[in-house]
Amino acid sequence: MHAQSPTTTPAAAASRPVIVRCLRLEKRYGTGESATYALRGVDSTIFRGEFMAILGPSGSGKSTYFNMIGALDSPTAGRVLIDEVDVAQLSASELAFLRCRKIGYIFQSYNLIRYMTALENVMVPMTFAGVSPETARRRGMELLELVGIGHRWQHRPIEMSGGQQQRVAIARSLSNKPMILLCDEPTANLDFKTGAEILEILRQINRERGVTVICATHDHRLLDICDRMMWVRDGRIDRVDERKDVKITVGRMGGQE
Amino acid sequence: MKDIVAREQVRLSAWKCLRLSLTGMSFRLGRSIITVSILALAVAFLSYMITYGLISHDTRLAAGRELEDERLLGEFSTRLTSPDSADTILANLNSTDEKAAARRAEYERWSQTASLEEILRIARQLDAFGLYIRQLPVTKRAVLTGDMEEDSILALARSLGSAARLDSFLKHLNASGEVPMPGSEEEFRRLIQSGVPLLAGWIEAVQKGQLVAIARVQSATAGQDIKTLLAGSTAGFTSTLEDAGFHSTPEMHTRLRRLAQHALEEEKLRHALTQQEVRYALARKSGLKAPQIDMAAVLPWITSARRADDAAACLSPAGIGLSAAQLLAMADRKRRTDALRNVAGASFSGAGDRLSPREGIFAFDAGTRWLIGVSFIVCAVGVANAMLMSVTERFTEIATMKCLGALNSFVMQIFFFEALVQGMVGGLAGLILGTFLAVVRSAAEFGTLAFHNIPYADLFSGGLAAWLVGLALAAGAAISPVWMAARLAPMEAMRME
Chain A
1 MHAQSPTTTP
11 AAAASRPVIV
21 RCLRLEKRYG
31 TGESATYALR
41 GVDSTIFRGE
51 FMAILGPSGS
61 GKSTYFNMIG
71 ALDSPTAGRV
81 LIDEVDVAQL
91 SASELAFLRC
101 RKIGYIFQSY
111 NLIRYMTALE
121 NVMVPMTFAG
131 VSPETARRRG
141 MELLELVGIG
151 HRWQHRPIEM
161 SGGQQQRVAI
171 ARSLSNKPMI
181 LLCDEPTANL
191 DFKTGAEILE
201 ILRQINRERG
211 VTVICATHDH
221 RLLDICDRMM
231 WVRDGRIDRV
241 DERKDVKITV
251 GRMGGQE
Chain B
1 MKDIVAREQV
11 RLSAWKCLRL
21 SLTGMSFRLG
31 RSIITVSILA
41 LAVAFLSYMI
51 TYGLISHDTR
61 LAAGRELEDE
71 RLLGEFSTRL
81 TSPDSADTIL
91 ANLNSTDEKA
101 AARRAEYERW
111 SQTASLEEIL
121 RIARQLDAFG
131 LYIRQLPVTK
141 RAVLTGDMEE
151 DSILALARSL
161 GSAARLDSFL
171 KHLNASGEVP
181 MPGSEEEFRR
191 LIQSGVPLLA
201 GWIEAVQKGQ
211 LVAIARVQSA
221 TAGQDIKTLL
231 AGSTAGFTST
241 LEDAGFHSTP
251 EMHTRLRRLA
261 QHALEEEKLR
271 HALTQQEVRY
281 ALARKSGLKA
291 PQIDMAAVLP
301 WITSARRADD
311 AAACLSPAGI
321 GLSAAQLLAM
331 ADRKRRTDAL
341 RNVAGASFSG
351 AGDRLSPREG
361 IFAFDAGTRW
371 LIGVSFIVCA
381 VGVANAMLMS
391 VTERFTEIAT
401 MKCLGALNSF
411 VMQIFFFEAL
421 VQGMVGGLAG
431 LILGTFLAVV
441 RSAAEFGTLA
451 FHNIPYADLF
461 SGGLAAWLVG
471 LALAAGAAIS
481 PVWMAARLAP
491 MEAMRME
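So the sequences go chain by chain: A and B. First residue of the first sequence? That's 1 in this note's numbering, and the numbers climb one at a time after it. First residue of the second sequence? That's 1 in this note's numbering, and the numbers climb one at a time after it.
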């Protein structure tokens, strides 16, 4: 097998298939004297079907790491393998294919297309994938029902609350039945209750559809849902914990909130 | 087991791209309107400059021609009283216009030579030499021509008749050594030594011939006033002129007769206005002061049939027989001539230089070209800025689309379509606005004269050019930032904002 992350137990690695693997990943912004490192050689492994939380303070390199594994940004050095395929080896068209069908993205600021209705937003990735308009419309409505806003399908983002927009974004991310769902601070702009609802939807998708969910967050409620948590600090992975090992800690944090 | 197999992404049809960009545009109508307005303003500026340039140029050219026509009578009278000067003859030999060709035909008759060819060749050579001398630096020219009058190249050439003078001239000329003179030194010597005397002899022959012709006309007309002769419809006078060798056509005679009649009417009026009785009567009627009464004051006052009647009544004691209708026509003619003078004198570039006909839509004078050039730059900067703004504020959208699996070509296409639609709409609006403003300005400046000489075909090409420029600028200005954003990885594009 491939090189193991030092924080992964050999038993777990052997028993489960890997979906995202990073090898000595580096990202540097700027050059020469003024160069700053966002990532300083990260090795990590994410397993198929798990719910991974990426935690860390701002500026820790968490977002950069997140963008790398989502093939949204190119590393300065090192490799990202998604299902054993080196992302750097893919052509622009193959990258578009990957982003369109295999990875779903959810952003902190929802990033819906402003001039499209909820349904049209959900249909965009299907249009890109060449799905027929009828099928796209039907599947789009199903997904909107799934996230609980089927009745608002013809509203534009500007007419919806943050929570509703994030639900549309989730529906959109699921439209081409992705293998991986990447969420960048999905609850950061939402109030407590709405955030909890969004997390519940994510958990449901992970459990029921077997989609690998990778979630960068500050939201400690996520610790209750996830399978594993990755702590990022100063451009390195500090440690990776199994949820069952930190159960007591989480309980205490929950109590504080 | 492998679930993720990377394959080529599907390409979307242009029709789908167009529909998506139209959806986007209709939503961002407010934003689009700003971009489109800037585009429209830029194109309006450009098309205004082109349209106004075209109309004003052609109107002034036509006014100049009409005024020149008015001078026909004077020219003709001069030719019937004294022979052309040597320089005028030389100029007519080298000129290409229609009038000069008619003059050459007359010269040929008067000089009694069979062929003009040799003379024309010498004249051309001499003309080329004259151009060469004129473009030399002033100090050099002064050394070469001495105290000669340098305007007359013929006089200069004749002064070089002696071999010693020619040698010293050539020595000075070669010493300048800046621009080589046309033809070889040998040719120049031949021109001065044999060509110029031949030409001078020919010119003298022409002048003598013309004198004889003038004498024949005068004896035939028994000293009658030429204007009176021209104003009458005497076929005899026409044949007298033709017998003497003066070139004329029936149209020219019609024109000359009309002009001569006008001139006679003016003379009558001028004469009548010298009489006290008439002056006081007119002063009472018009409210002008009696000492001010003259042609220049009275004719502008006659603006209606009623005033013309009044003026005719006042003039009746003088017994000149000018009717009210004739007076009104005279007043109208004067107004038109004044308007023509104003138009022909007012030049777009500020300089009252003589206009030459345009060749093609952009062959304007230097001042107009400069203005159009500047307006083009303003147009380009305005459009580039508007498009750049409308694209940069949408980098997030581009990044999002790329996250959802959009190909670079798709992103390019929707923005390109959008720019194209904006360019078309804005360009059209600007074209209408610019043309309208140009027509309004032309009408204000030239009055009704502006509408007699509208070069429709050129205006159409000019408008089309302005519109296409707007379109190309919009598309070009949108494409570069979009290409920049589309090429980047999605997150890099998002960071650009």
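Hints in this document: simulated from the structure, not taken from any laboratory. Yeah, the Cβ is synthetic: ideal placement off N, Cα and C, and Gly gets one too. Some hints could be false.
Computed Cβ-Cβ distance ranges for the label pairs, DEER-style [stated by the list, open to error]:
1. A:D224 x B:M484: 57 to 65 Å
2. A:V246 x B:G30: 28 to 36 Å
3. B:G476 x A:Q204: 27 to 35 Å
Partial list, computed: chain B residues near chain A (C-beta under 8 Å) [as the list claims (entries may be wrong)]:
4. S184
5. A200
6. W202
7. A406
8. L407
Evaluation of the provided hints:
1. A:D224 x B:M484: 57 to 65 Å: This hint is violated: roughly 44 Å between Cβ atoms.
2. A:V246 x B:G30: 28 to 36 Å: 51 Å, violated
3. B:G476 x A:Q204: 27 to 35 Å: Violated, since G476 (chain B) and Q204 (chain A) (Cβ atoms, about 49 Å apart) do not stay within the stated range.
4. S184: Status violated, d = 67 Å.
5. A200: Cβ of A200 (chain B) sits 82 Å from chain A, so the hint is violated.
6. W202: Violated, about 81 Å.
7. A406: 6 Å, holds
8. L407: 5 Å, holds
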